[in-house]
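Use these hints to put chain B onto chain A, whose structure you have.
As given, the protein sequences belong to chains A and B, one line each in that order. Per my numbering, residue 2 is the first one in the first sequence, and the count goes up by one each step. Per my numbering, residue 2 is the first one in the second sequence, and the count goes up by one each step.
Just so you know, these hints were derived from the structure itself, not from any lab. Do not rely on the hints blindly, as some may be mistaken.
To give an idea of the interface, some chain B residues facing chain A are shown, with a C-beta separation under 7 Å as derived from the structure [claimed, not checked]:
(1) 15
(2) 16
(3) 26
(4) 35
(5) 37
(6) 40
(7) 50
(8) 54
(9) 57
(10) 58
(11) 61
(12) 63
(13) 64
(14) 68
(15) 70
Yeah, the Cβ is synthetic: ideal placement off N, Cα and C, and Gly gets one too.
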Amino acid sequence: MTAGMITWTTAAPAVGAAFVASTVEVVEAFTIVLAVATLRGWRPALSGAAAALAALAIVVAALGPALDLVPLQVLQVVIGVLLLLFGLGWLRKAVLRAAGLMALHDESAIFEREKAAIGGEVAGGRSKDWIAGLAAFKAVLLEGLEVVFIVLAVGAARGLTLPAAAGALAAFVAVMVAGLAIHKPLSKVPENTLKFAVGVMLSSFGVFWTAEGLGTPCPGGDLALFGLAGVFLLAALALVGLVRPRPVEASA
Amino acid sequence: MRMLMEVLAELWSMFAGDRRLTLLALCVVVLTGLIALLARSSFAPAVLLVGAILVLADAVFAAAHKARGR
Chain A
2 MTAGMITWTT AAPAVGAAFV ASTVEVVEAF TIVLAVATLR GWRPALSGAA
52 AALAALAIVV AALGPALDLV PLQVLQVVIG VLLLLFGLGW LRKAVLRAAG
102 LMALHDESAI FEREKAAIGG EVAGGRSKDW IAGLAAFKAV LLEGLEVVFI
152 VLAVGAARGL TLPAAAGALA AFVAVMVAGL AIHKPLSKVP ENTLKFAVGV
202 MLSSFGVFWT AEGLGTPCPG GDLALFGLAG VFLLAALALV GLVRPRPVEA
252 SA
Chain B
2 MRMLMEVLAE LWSMFAGDRR LTLLALCVVV LTGLIALLAR SSFAPAVLLV
52 GAILVLADAV FAAAHKARGR
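Next comes chain A alone, as it looks inside the complex (with noise of 0.2 Å):
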């Protein structure tokens, strides 16, 4: 499929998806590079953000030319279980954070804990600000790893993944100019709330590409994607409902 021919219907899911998650994913490395920016400059930070890009830019171009090779139903059922499986753990965690079974996600505490590690590492005696850029390496290349499944599993099984890119990189410049505005913890991300909603995609893709690689496409077209959301939106809320604690419970 050409650029031209992508309609809205078709892109907006991917991009939106692929965006959504991108900037929680975006918003967690970011807090671990401004953690061993603080302790050590940000020269160690940037140039193990940097090294990670450029491990990640090898794994996506080596990644993308070989799933061109594997036949299209094939790839759309592995990408669907992949994705189903994603985004079932994602929305498990987010149903348990809603209904406050679990603790929610909170990047000033995580920045804390970070810097106290990463510190404590750094007192050990090695090379300063080899071990700061080492901790920035692994967190974005975790996180970016995360990133590139997202964008080649929302966008390969369709020729999407360009669009699908462009909305991880739109997140990745508005996380940025976000975080080095504030300089701080991007905390006011309502980051749970982004990841129930990128659990609901995530699942829904999952069922969308796998039903459809078993050749039994969802009825509407990629209409359907809307759909899906919708009721497994509807679902995780009535578990949340259904798990959170009476206040009974709750005060005893």
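Okay, now just chain B, sitting in the frame of chain A:
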């Protein structure tokens, strides 16, 4: 080497962090595949969707039970 192992462990946990959820979800996919293969039925996607929601509900209830037991 340690970092590579950490990266691989992280990748594994992305898809199979909750083993029960992973196994049940794979069972639902296999069941859907059989329905699609044998019946070529258009209700296979509905089986997949309902199955996925039941797997999610099972994982949430199990985790909630565990959290309350602490």
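Hints, verified against the model:
At its closest, the beta carbon of residue 15 (chain B) sits 6 Å from a beta carbon of chain A; the interface hint therefore holds under the 7 Å criterion. About 5 Å separates the beta-carbon of residue 16 (chain B) from the nearest beta-carbon of chain A, less than 7 Å, and the hint is met. Because the smallest distance between the Cβ of residue 26 (chain B) and any Cβ of chain A comes to about 6 Å, under 7 Å, the interface hint for this residue holds. A distance limit of 7 Å between C-beta atoms decides the matter here; for residue 35 (chain B) the minimum to chain A is near 10 Å, and the interface restraint is violated.
Among the interface hints, the one on residue 37 (chain B) holds; its C-beta lies about 4 Å from the nearest C-beta in chain A, closer than the 7 Å criterion. Against a cut-off of 7 Å between C-beta atoms, the interface hint on residue 40 (chain B) is violated, since the closest Cβ of chain A lies about 9 Å away. Evaluation of the residue 50 (chain B) hint against chain A yields a held restraint, the C-beta minimum of about 5 Å falling below 7 Å. Annotation: residue 54 (chain B) was flagged as interfacial toward chain A, and the flag holds, the nearest CB pair being 5 Å apart, inside 7 Å.
A distance limit of 7 Å between C-beta atoms decides the matter here; for residue 57 (chain B) the minimum to chain A is near 5 Å, and the interface restraint holds. At its closest, the beta carbon of residue 58 (chain B) sits 6 Å from a beta carbon of chain A; the interface hint therefore holds under the 7 Å criterion. Here the hint on residue 61 (chain B) is kept, as its CB sits about 5 Å from the closest CB of chain A, short of 7 Å. Given the 7 Å rule on beta carbons, the hint for residue 63 (chain B) is violated: about 9 Å separates it from the nearest Cβ of chain A.
With its C-beta approaching chain A no nearer than about 6 Å, residue 64 (chain B) sits inside the 7 Å limit, and its interface hint holds. With its C-beta approaching chain A no nearer than about 4 Å, residue 68 (chain B) sits inside the 7 Å limit, and its interface hint holds. Because the beta carbon of residue 70 (chain B) sits about 11 Å from the nearest beta carbon in chain A, more than 7 Å, this interface hint is broken.
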